[in-house]
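*Asks:* Below, each chain spelled out in residue letters.
There are 2 protein chains.
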Amino acid sequence: MKEVFYKYIQELQDTITSKIEEIDGKTTFKEDIWKRPEGGGGRTRVIENGAVFEKGGVNISAVHGALPKAMQHYFKVGDLDFFACGLSLVLHPKNPFVPTVHANWRYFEMYDKNGSVVDSWFGGGQDLTPYYLFEEDAKHFHQICKNACDAHHPEFYTTYKKKCDEYFYNTHREEARGIGGLFFDYCKASNEMSMQDWYSFVSDVGNSFLEAYIPIVTRRKDSSYTKKQRNWQEIRRGRYVEFNLVHDKGTLFGLRTNGRIESILMSLPPHVQWQYDHHPEPDSEEEKLVKVLKKSVEWL
Amino acid sequence: MKEVFYKYIQELQDTITSKIEEIDGKTTFKEDIWKRPEGGGGRTRVIENGAVFEKGGVNISAVHGALPKAMQHYFKVGDLDFFACGLSLVLHPKNPFVPTVHANWRYFEMYDKNGSVVDSWFGGGQDLTPYYLFEEDAKHFHQICKNACDAHHPEFYTTYKKKCDEYFYNTHREEARGIGGLFFDYCKASNEMSMQDWYSFVSDVGNSFLEAYIPIVTRRKDSSYTKKQRNWQEIRRGRYVEFNLVHDKGTLFGLRTNGRIESILMSLPPHVQWQYDHHPEPDSEEEKLVKVLKKSVEWL
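Going line by line, the protein sequences match chains A and B. Using the numbering used here, you'd call the opening residue of the first sequence number 36 and step up by one each time. Using the numbering used here, you'd call the opening residue of the second sequence number 36 and step up by one each time.
Keep in mind that the hints were calculated from the coordinates and are not lab data. Just so you know, nobody snuck in bad clues.
Copies of one chain are not kept apart here, so a pair can be met inside one copy or by any two copies together.
Keeping only pairs whose Cα atoms sit at most 30 Å apart, straight-line, the calculated DSBU-like set for lysine-lysine is:
| hint | residue 1 | residue 2 |
| --- | --- | --- |
| 1 | 284 | 323 |
| 2 | 111 | 284 |
| 3 | 70 | 330 |
| 4 | 263 | 329 |
| 5 | 65 | 329 |
| 6 | 326 | 70 |
| 7 | 326 | 174 |
| 8 | 198 | 284 |
| 9 | 284 | 129 |
| 10 | 37 | 111 |
| 11 | 65 | 323 |
| 12 | 65 | 326 |
Next comes chain A alone, as it looks inside the complex (with noise of 0.2 Å):
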């Protein structure tokens, strides 16, 4: 499994960059090849300055080796050995209008010290950031992850939407990061769903990101905006900053085991303000977004 697992993001990496690079129109992705002195590495890819898109990175890496300490105390388990692969991918357009998006596909095994596999899984989602609110926007995304998920379950979608609404939580600031989409983990082999299965459902979800991404960018990307909306945007991006760095326990675990910092931090916006106690002003666009962020909202 891991081979084709990690076949397949490779390949949907280029499949997400080539059209990336194809909607910017002005700038490509630049490749940097990582070694992890433990054991594996990555291709990350980084877009900067674009004429769509300021920031963004959509990154491979498969590691492997020793499980580290940290990761043994959080997993509970003892000295084992792992691999894990992932594509990992976060998008921060210019104009205001466009949602900046994140998704993450990835494959997990451990190994006992005679390399047999003891537990192995797939995890993963795709969730929508936007700085204001266009309930079509919402919805397609939703439509286009739900159309994935039914494929294979039918409970899919409305657990899995669940817990990227609860895990995507700023619970300083009592809100959403942004309007959701799926966040699954631990899917492992069971009675319903084989290796194979998850296998099939997670590649499936992959394969609709940019289904579910593409047409909100071209819906929105040439819209004019304001100085004022630009700040709002950057505003909303020091609270992604803050969901990043407090609660994400990808970017801390990735922090505190000697990840590849560049790689996990080229998720942090490129422009970003903190205004003291800023609020949106009554009945405006910008507070119409807050609002729903407060909420958990069925969108279809």
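Since the structure of chain A is provided, determine the placement of chain B on it from the hints.
*Replies:* Leaving out everything else, chain B in the frame of chain A:
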């Protein structure tokens, strides 16, 4: 002691905000008085978009009540009551040649259910985060810190300077947040130092703050700078955000114990940038700073 120290920080807040307003010349602090539902409250004073200070806060608070669960766990104590008061300040200047400064002086008491004090201590410090390195500024700041320490104990400067270097360290970047200063905590009554002695020490440090910082501001605030230098400042401010959100115990504690979010996060800089894998040019002034942050320097 709690009344004495709370009176002291109230007066110190007035002294500091008056001086900062005088130097800024353009704008004044806005004051927010807030109450903590569980007991106590604070007086937050924030300055924004000044001529010299782009953003900053000089806040005092005095809170009390049942020790929150998270703090019981942290201090490894049971169900006690507490009182905590302190002054916390961060100033982010506009000009990249003027360093950001942070300071904090605080006092903590814990009580059993009969209201008897079971423990009490002082903590605090002050530290400088330059964007460009001027040795004379670093030496001046450290000299004033040392003078305040030397009046109380011959080893305080060495000890608390070291603790500051250790504490304000971005482990994930393998570099210090800034060039340090003083950091002390759990300053409790001993054979050598009574609580009155500690009060005298902490208030002397507090009183030294303006002498340590203002001459540097005055010397650098009118320096001309380029867009490139400003970008560098905003990139370095990103490291400041990373430290405060990933590592700073006070910030994380506040976010997890229902602290007043806007007073806690006033420490975040106004305009911040993250660029992928940014490195200063070889032998540049920017690289000179980074090299200094990679090691602990004895400025005096």
